[in-house]
Amino acid sequence: MDVTNEIEDAAGPQRRGFLKCMLWAGTGVLWTVSGGVPRSILMGGGAMAATPASGELSFVQISDSHIGFANPPNMDTPGTLREAVERVTQLKGKSSLLIHTGDVSQLSRADQFDTAEQIIKGAGLDTHYVPGEHDVLDEDGKGFFERFTKGAAKGYYSFDQQGVHFIGLNNVQDLKAGGLGNLGQEQLEWLEKDLAGRPSSQPIVVFAHIPLWTVYQEWGWGTDDGTQALSYLKRFGSVTVLNGHIHQVMQKVEGNVAFHTALSTAFPQPAPGTAPSPGPIKDLPPGKLRSVLGVTSVRQVQGNAQLAIVDTPLAN
Amino acid sequence: MRRRLFALTGLIFSTVLLNSSVVSLAWAEDAQVNIDNFSFAPAQLTVAAGTKITWANRDDIPHTIVDAGEPRTFKSPALDTGDAFSYVFSTPGTYHYFCSLHPHMQGTVVVQ
Numbered sequence: 001m002d003v004t005n006e007i008e009d010a011a012g013p014q015r016r017g018f019l020k021c022m023l024w025a026g027t028g029v030l031w032t033v034s035g036g037v038p039r040s041i042l043m044g045g046g047a048m049a050a051t052p053a054s055g056e057l058s059f060v061q062i063s064d065s066h067i068g069f070a071n072p073p074n075m076d077t078p079g080t081l082r083e084a085v086e087r088v089t090q091l092k093g094k095s096s097l098l099i100h101t102g103d104v105s106q107l108s109r110a111d112q113f114d115t116a117e118q119i120i121k122g123a124g125l126d127t128h129y130v131p132g133e134h135d136v137l138d139e140d141g142k143g144f145f146e147r148f149t150k151g152a153a154k155g156y157y158s159f160d161q162q163g164v165h166f167i168g169l170n171n172v173q174d175l176k177a178g179g180l181g182n183l184g185q186e187q188l189e190w191l192e193k194d195l196a197g198r199p200s201s202q203p204i205v206v207f208a209h210i211p212l213w214t215v216y217q218e219w220g221w222g223t224d225d226g227t228q229a230l231s232y233l234k235r236f237g238s239v240t241v242l243n244g245h246i247h248q249v250m251q252k253v254e255g256n257v258a259f260h261t262a263l264s265t266a267f268p269q270p271a272p273g274t275a276p277s278p279g280p281i282k283d284l285p286p287g288k289l290r291s292v293l294g295v296t297s298v299r300q301v302q303g304n305a306q307l308a309i310v311d312t313p314l315a316n
Numbered sequence: 001m002r003r004r005l006f007a008l009t010g011l012i013f014s015t016v017l018l019n020s021s022v023v024s025l026a027w028a029e030d031a032q033v034n035i036d037n038f039s040f041a042p043a044q045l046t047v048a049a050g051t052k053i054t055w056a057n058r059d060d061i062p063h064t065i066v067d068a069g070e071p072r073t074f075k076s077p078a079l080d081t082g083d084a085f086s087y088v089f090s091t092p093g094t095y096h097y098f099c100s101l102h103p104h105m106q107g108t109v110v111v112q
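Heads up: the protein sequence lines correspond to chains A and B, in order.
To convert, note that position 125 of the first sequence is 125 in the working numbering; the numbers rise steadily by one, no gaps.
To convert, note that position 20 of the second sequence is 20 in the working numbering; the numbers rise steadily by one, no gaps.
Hints in this document: simulated from the structure, not taken from any laboratory.
Being a predicted model, the structure only gives us computed values, none of them experimental.
There could be a bad hint or two in this list.
Stated by the list, open to error - The list that follows gives simulated cross-link-like pairs (lysine-lysine, DSBU-like), each with its CA atoms no further than 35 Å apart: (1) A:K142 with A:K282; (2) B:K52 with A:K176; (3) A:K234 with B:K52; (4) A:K252 with A:K282; (5) B:K75 with A:K154; (6) A:K94 with B:K52; (7) A:K121 with A:K282; (8) A:K154 with A:K193; (9) A:K252 with A:K234; (10) B:K52 with A:K150; (11) A:K288 with A:K234; (12) B:K75 with A:K142; (13) A:K94 with A:K121; (14) B:K75 with A:K282; (15) A:K282 with A:K234; (16) A:K176 with A:K94; (17) A:K193 with B:K52; (18) A:K234 with A:K94; (19) A:K142 with A:K252.
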């Protein structure tokens, strides 16, 4: 996989509007748009504090904590979540909020939700959750929604923060045989209504568990009606779509929409098609687990339409 | 006493064995589907009516077994690693099923 070349190509001045790259194993990417040309800078994987200029929004994303999972390569998912929250504390700067893009738990159990909630509270940030498929196993997700999306009984909602419109979506329920992630008609209608009347200049951040774009159909890594949702977002000048689910960093830019998936805080999953299944990578070299787990910080950059996104592993 | 009991058990056992070949068309034997690497094996299974099928999750990730048809005739709870779910198929027909967490995982049971 020639990640570096792909990034250099895409960042070249000849190619505008589209960039697709994939990163693996403990590196980070800083995203900016300069003069309309998307540029990405590969970082060495070290921690880089996302300190925003005053007045600009910054926030942090964590994902896929899978509390309750205790198998190779990670027998202590509460421990690695705790380390991720410590990372968040180091990186948060003036961050105004934290988002969790789902699979908080392994099996939707109250004690798993409880453990996660207590650890995440340690970040001291207002936290907004969306469910992963592991979080809605019982009673159609009631336990998750009552605890983590109060006021949004179906797990989707929106709010504004420093001029940016945040939209949390639920694409993990009522999945169809042979299909991918699913938003459903009711949620799509809600989304269309939610966006109606908003100025196209307002920056939008969409977050959901399963990628809204098709990363790899064979493993179900995409959302059946994601295209429909994205069609409502086309007119906006700055759209950032943040997902989890695939436990690795992938990103692309299409027009004004930047897509990004986050690392897990629990275990890594293989790059598409490189293993018999999307199950956990178990045979990591000793001491390497923390280089493939991490957190994501996002910030507005003065004069740039796209938000800057930095992935930071728990350790190098 | 112990020897007689053993002989008796043996007799019953061989009788059952003998009978099973005779009545196999009428009496179904249990069948098993294993879940490994996010797939059902065997993915296609043809059984006699009355067969109890047991799905065993051998992955590190939970899965479910859900009838894809309407109305839904069976739906398992989430099976953690090492968990199993059984369902007795008493009505002939073709049953497509999937994992509701990973809907690309699909299988079919044909009941004759």
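Do the hints match the structure? See the list:
Distance check on the hinted pair: K142 of chain A and K282 of chain A sit about 32 Å apart at the alpha-carbon level, within 35 Å; holds. About 25 Å separates the Cα atoms of K52 of chain B and K176 of chain A, which keeps this hinted pair within 35 Å; it holds. Between K234 of chain A and K52 of chain B the alpha-carbon distance is near 51 Å, which puts this suggested pair outside the 35 Å criterion. For the given pair, K252 of chain A sits about 28 Å from K282 of chain A by alpha-carbon distance, which is consistent with the 35 Å threshold.
This hinted pair checks out: K75 of chain B and K154 of chain A have alpha carbons roughly 22 Å apart, not beyond 35 Å. A threshold of 35 Å between alpha carbons decides the hint, and for K94 of chain A with K52 of chain B the separation of about 59 Å lies outside it, so the pair is violated. Simply put, K121 of chain A and K282 of chain A have alpha-carbon atoms about 29 Å apart, close enough for the 35 Å limit, and the pair holds. For the proposed pair K154 of chain A and K193 of chain A, the alpha carbon gap of about 16 Å is at most 35 Å, so the pair holds.
With a C-alpha separation of about 15 Å, the suggested pairing of K252 of chain A with K234 of chain A holds against the 35 Å cut-off. Distance hint between K52 of chain B and K150 of chain A is unfulfilled; the C-alpha atoms sit about 42 Å from each other, more than 35 Å. Only pairs whose Cα atoms come within 35 Å are accepted, and K288 of chain A paired with K234 of chain A is rejected, the gap being roughly 40 Å. At roughly 18 Å between alpha-carbon atoms, K75 of chain B and K142 of chain A fall within 35 Å of each other, so this suggested pair holds.
Note on K94 of chain A and K121 of chain A: the hinted pairing holds, with a Cα-Cα distance of about 17 Å set against a maximum of 35 Å. Using a Cα cut-off of 35 Å, the hinted pair K75 of chain B and K282 of chain A holds, with the two alpha carbons roughly 30 Å apart. Restraint check for K282 of chain A and K234 of chain A: not satisfied, since their Cα atoms lie roughly 40 Å apart, outside the 35 Å limit. In summary, the hint linking K176 of chain A to K94 of chain A is not supported, as the alpha carbons are separated by about 42 Å, beyond the 35 Å threshold.
Between K193 of chain A and K52 of chain B, the direct Cα distance comes to roughly 49 Å. Violation of the 35 Å bound is thereby established for this hinted pair. A distance of roughly 30 Å separates the Cα atoms of K234 of chain A and K94 of chain A; the hinted pair therefore holds under the 35 Å criterion. Between K142 of chain A and K252 of chain A the alpha-carbon distance is near 34 Å, which keeps this suggested pair within the 35 Å criterion.
Checked against the numbered hints given earlier, the structure breaks hints 3, 6, 10, 11, 15, 16, 17 and satisfies all the rest.
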